[in-house]
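For reference, the chains in residue letters:
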Amino acid sequence: MAATAGRAEAAPRVEARGVSLRAGLVTGAFLLASLAVGLAVGPVHIGAAAILRSALSYVPFLHVHQPLGAVDRAVLWQLRAPRVALAALVGGMLAVAGASYQGVFRNPLADPYLLGVAGGAGLGATLAIVYASASAAGTHWTVPLAAFGGAIAAVVVTYALGRSAGAVHTSAALVLAGVTVATFTAAVQTFVQQRHTDVLQNVYSWLLGGFSTATWSDVAICAPYVAVSSLVLILHRRVLDVLSLGDDEASSLGIDVGRARLTIVVAATLGTAAAVAVSGLIAFVGIIVPHTIRLLVSTSYRAVLPLSLLAGAGFLVLADVLARTVLSPAELPIGVVTAFFGAPFFAVVLRTSRGGR
Amino acid sequence: MIETRDLWVRFGPVAAVRELSLRAESGGWTALIGPNGAGKTSALRALAGLVPYDGEVLLDGRDVRRLGRRAVARLVAFVPQKPETPPALTVAEYVLLGRTPHIAYLGGEGRQDREAATQALRRLELEEFAERPLGSLSGGELQRAVLARALAQEAPVLLLDEPTTALDLGRQQLVLELVDALRRDGLTVVTTMHDLTLAGQYAERLVLLDGGSVVAEGTAAEVLSAPNVAAHYGANVRVVEDEAGVFVLPLRTR
Numbered sequence: 000m001a002a003t004a005g006r007a008e009a010a011p012r013v014e015a016r017g018v019s020l021r022a023g024l025v026t027g028a029f030l031l032a033s034l035a036v037g038l039a040v041g042p043v044h045i046g047a048a049a050i051l052r053s054a055l056s057y058v059p060f061l062h063v064h065q066p067l068g069a070v071d072r073a074v075l076w077q078l079r080a081p082r083v084a085l086a087a088l089v090g091g092m093l094a095v096a097g098a099s100y101q102g103v104f105r106n107p108l109a110d111p112y113l114l115g116v117a118g119g120a121g122l123g124a125t126l127a128i129v130y131a132s133a134s135a136a137g138t139h140w141t142v143p144l145a146a147f148g149g150a151i152a153a154v155v156v157t158y159a160l161g162r163s164a165g166a167v168h169t170s171a172a173l174v175l176a177g178v179t180v181a182t183f184t185a186a187v188q189t190f191v192q193q194r195h196t197d198v199l200q201n202v203y204s205w206l207l208g209g210f211s212t213a214t215w216s217d218v219a220i221c222a223p224y225v226a227v228s229s230l231v232l233i234l235h236r237r238v239l240d241v242l243s244l245g246d247d248e249a250s251s252l253g254i255d256v257g258r259a260r261l262t263i264v265v266a267a268t269l270g271t272a273a274a275v276a277v278s279g280l281i282a283f284v285g286i287i288v289p290h291t292i293r294l295l296v297s298t299s300y301r302a303v304l305p306l307s308l309l310a311g312a313g314f315l316v317l318a319d320v321l322a323r324t325v326l327s328p329a330e331l332p333i334g335v336v337t338a339f340f341g342a343p344f345f346a347v348v349l350r351t352s353r354g355g356r
Numbered sequence: 000m001i002e003t004r005d006l007w008v009r010f011g012p013v014a015a016v017r018e019l020s021l022r023a024e025s026g027g028w029t030a031l032i033g034p035n036g037a038g039k040t041s042a043l044r045a046l047a048g049l050v051p052y053d054g055e056v057l058l059d060g061r062d063v064r065r066l067g068r069r070a071v072a073r074l075v076a077f078v079p080q081k082p083e084t085p086p087a088l089t090v091a092e093y094v095l096l097g098r099t100p101h102i103a104y105l106g107g108e109g110r111q112d113r114e115a116a117t118q119a120l121r122r123l124e125l126e127e128f129a130e131r132p133l134g135s136l137s138g139g140e141l142q143r144a145v146l147a148r149a150l151a152q153e154a155p156v157l158l159l160d161e162p163t164t165a166l167d168l169g170r171q172q173l174v175l176e177l178v179d180a181l182r183r184d185g186l187t188v189v190t191t192m193h194d195l196t197l198a199g200q201y202a203e204r205l206v207l208l209d210g211g212s213v214v215a216e217g218t219a220a221e222v223l224s225a226p227n228v229a230a231h232y233g234a235n236v237r238v239v240e241d242e243a244g245v246f247v248l249p250l251r252t253r
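Going down the list, the sequences are from chains E and F.
The first sequence begins at 0 in numbering that gives the first Met the number 0 and counts up by one.
The second sequence begins at 0 in numbering that gives the first Met the number 0 and counts up by one.
Just so you know, the hints here were simulated from the structure itself, not pulled from any lab data.
Some hints could be false.
[Said to hold, decoys possible] To give an idea of the chain F side of the interface with chain E (calculated C-beta under 10 Å), a few residues: (1) 232; (2) 236; (3) 240.
[Stated by the list, open to error] DEER-style ranges, computed between Cβ atoms: (4) E/350 with F/176: 53 to 61 Å; (5) E/163 with F/59: 37 to 45 Å; (6) F/61 with E/155: 22 to 30 Å.
[Unchecked claim] Over 12 Å on every C-beta distance to chain E, these chain F residues come out as not near it, computed from the model: (7) 24; (8) 92; (9) 145; (10) 204; (11) 210; (12) 213.
Even for Gly, the Cβ is constructed at its ideal location relative to N, Cα and C.
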């Protein structure tokens with residue numbers, strides 16, 4: 000000690016790392032680039048400059064001349080833009096919900112569909128396609144509404160089942176209840192689907208997910224849920240870090256673990272259900288994106304949640320670009336793209352950044 | 000000061016702790032000892048408010064159940080036997096999580112919290128480790144980080160479940176000396192302990208539990224007799240007592 004007394008000791012840096020400037024800028028730039036690619040790529044060629052000027056022409060008092068003709072304008076703003084916006088909303092939502100589920104259940108393989116959202120939505124959509132769409136009662140909104148309702152109902156059943164199984168406090172009971180509900184809804188869904196093979200194609204293409212029918216009204220329906228849900232989840236970023244110490248320690252640090260878990264699950268589920276309702280079941284996003292952030296940036300939820308929101312949005316926009324261009328004019332189901340490109344990408348990230356974080 | 004009156008902890012039909020009445024004074028160190036399954040950890044977890052119990056737990060005379068969870072967390076810090084230490088978290092980040100009871104539910108750390116965490120790091124001589132990830136620490140360093148996190152909580156009562164398991168002899172002494180220094184600062188320390196000699200060396204009061212009930216309590220000399228250890232641990236020991244303390248030495252039966 001005497002030897003070090005003379006030299007000014009640097010105070011240790013005692014602070015929690017959140018989103019670093021660099022990570023924030025890189026992720027933000029990735030999202031912007033993805034949005035630009037999403038708007039620019041398609042069978043009708045529209046240049047980047049024209050897109051920018053066309054966008055600016057809608058800004059009042061700027062007096063930028065609209066450079067596009069009526070057809071190009073419709074292609075850009077009525078076909079591509081809602082599709083890009085919806086893919087971004089859904090991608091961001093699934094990624095941030097996946098990250099939250101992984102945190103709240105302290106299970107790296109948890110995804111937003113863990114508590115039966117997928118099974119419930121699948122069953123709801125299948126029932127709607129089979130029984131309502133064919134009848135006069137069916138509208139454009141029947142399937143999304145049924146999927147949303149099915150997803151929420153499944154998670155409510157899961158939660159009730161997990162609670163009655165003994166413990167709000169042990170997340171294992173909830174996860175098992177989720178598996179039970181998912182298995183059961185999948186059984187019923189398959190049964191209904193097999194009894195009505197005439198609509199098998201419709202059911203199948205809904206299950207695989209996609210944005211080919213995206214409209215601005217889909218965006219308007221989905222956006223409030225995504226906004227509120229991701230805001231609530233991101234506000235819980237420090238709580239999720241505390242929960243990573245385990246239920247006992249979080250509890251002895253003054254956190255009501257049961258209530259915190261319920262709040263996070265409700266927020267993540269509502270957002271996920273809204274996303275699934277307008278896009279179908281898109282796998283992998285909720286797992287790959289948060290883990291990539293963890294491997295490349297930080298495991299703290301203060302970084303993982305906001306960055307997952309941005310990166311998930313960009314990732315799904317790019318995946319959708321591939322889905323609509325690879326077999327153009329036909330479309331690939333987007334779930335195939337997320338899995339096909341996501342899995343190897345994840346494998347590379349896993350291999351190149353060893354241990355530590 | 001933390002106190003229990005007629006405390007029962009039940010898991011279904013099984014009572015893990017029976018009629019425990021305990022009083023741990025400020026600046027004192029109480030060790031809960033006893034064989035496996037005696038109820039030491041359950042008693043400690045009840046003191047921390049982590050398991051449901053019957054009876055009363057009082058903090059400076061106030062019923063814990065009347066205080067909110069956060070209020071209790073400001074008064075009692077608990078360190079489990081195997082704390083979760085997320086490997087990528089830095090020591091400083093981990094210690095800052097100890098400030099949770101002082102931070103609004105959805106809030107972030109302020110200057111005061113950073114200062115308290117810095118002080119806790121300094122107290123456990125961890126300043127140079129502040130930016131190291133937990134995954135890179137040795138067992139002894141990690142245990143100090145865990146203590147620093149508990150200390151950052153600034154709670155007057157410190158509950159430690161087996162604070163020295165998985166540490167070598169030197170590290171055990173180091174950690175226990177640090178805990179003793181915190182006790183001298185005025186903390187109320189309650190620990191469960193397996194090593195009877197170490198328990199006798201550091202705690203001024205031992206409470207021997209068996210089958211959930213207190214079977215002996217008092218100083219090391221009073222509690223750590225060969226017949227007591229034989230009766231409750233089923234162990235054959237020689238107890239050596241001299242001016243340096245009481246030593247419980249295992250003897251092979253044949």
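Do the hints match the structure? See the list:
1. Contact between residue 232 of chain F and chain E, as hinted, is not supported at the beta carbon level, the nearest pair being about 27 Å apart and thus beyond 10 Å.
2. Restraint check, residue 236 of chain F versus chain E: the minimum CB separation of about 33 Å is more than 10 Å; hint violated.
3. At a threshold of 10 Å, the smallest CB-CB gap from residue 240 of chain F to chain E is about 37 Å, leaving the interface hint violated.
4. The beta-carbon spacing between residue 350 of chain E and residue 176 of chain F, approximately 44 Å, falls outside the hinted interval of 53 to 61 Å.
5. Here the CB-CB span from residue 163 of chain E to residue 59 of chain F is close to 39 Å, well matched to the stated 37 to 45 Å.
6. Separation of residue 61 of chain F from residue 155 of chain E is about 39 Å and departs from the stated range, judged on CB atoms against 22 to 30 Å.
7. Once the 12 Å rule is applied to beta carbons, residue 24 of chain F is consistent with being away from chain E; the minimum gap is 22 Å.
8. The beta carbon of residue 92 of chain F sits about 5 Å from the closest Cβ of chain E, which is not more than 12 Å, so the claim that it is off the interface is violated.
9. With a least CB separation of 10 Å from chain E, residue 145 of chain F falls inside the 12 Å interface cut-off, contrary to its annotation.
10. With a cut of 12 Å on Cβ distances, residue 204 of chain F stays outside the contact zone with chain E, its closest approach being about 23 Å.
11. With 12 Å as the threshold on Cβ separation, the claim that residue 210 of chain F sits away from chain E holds: the shortest Cβ distance comes to roughly 24 Å.
12. Look at residue 213 of chain F: its CB is around 24 Å from the nearest CB on chain E, clear of 12 Å, so calling it non-interface holds up.
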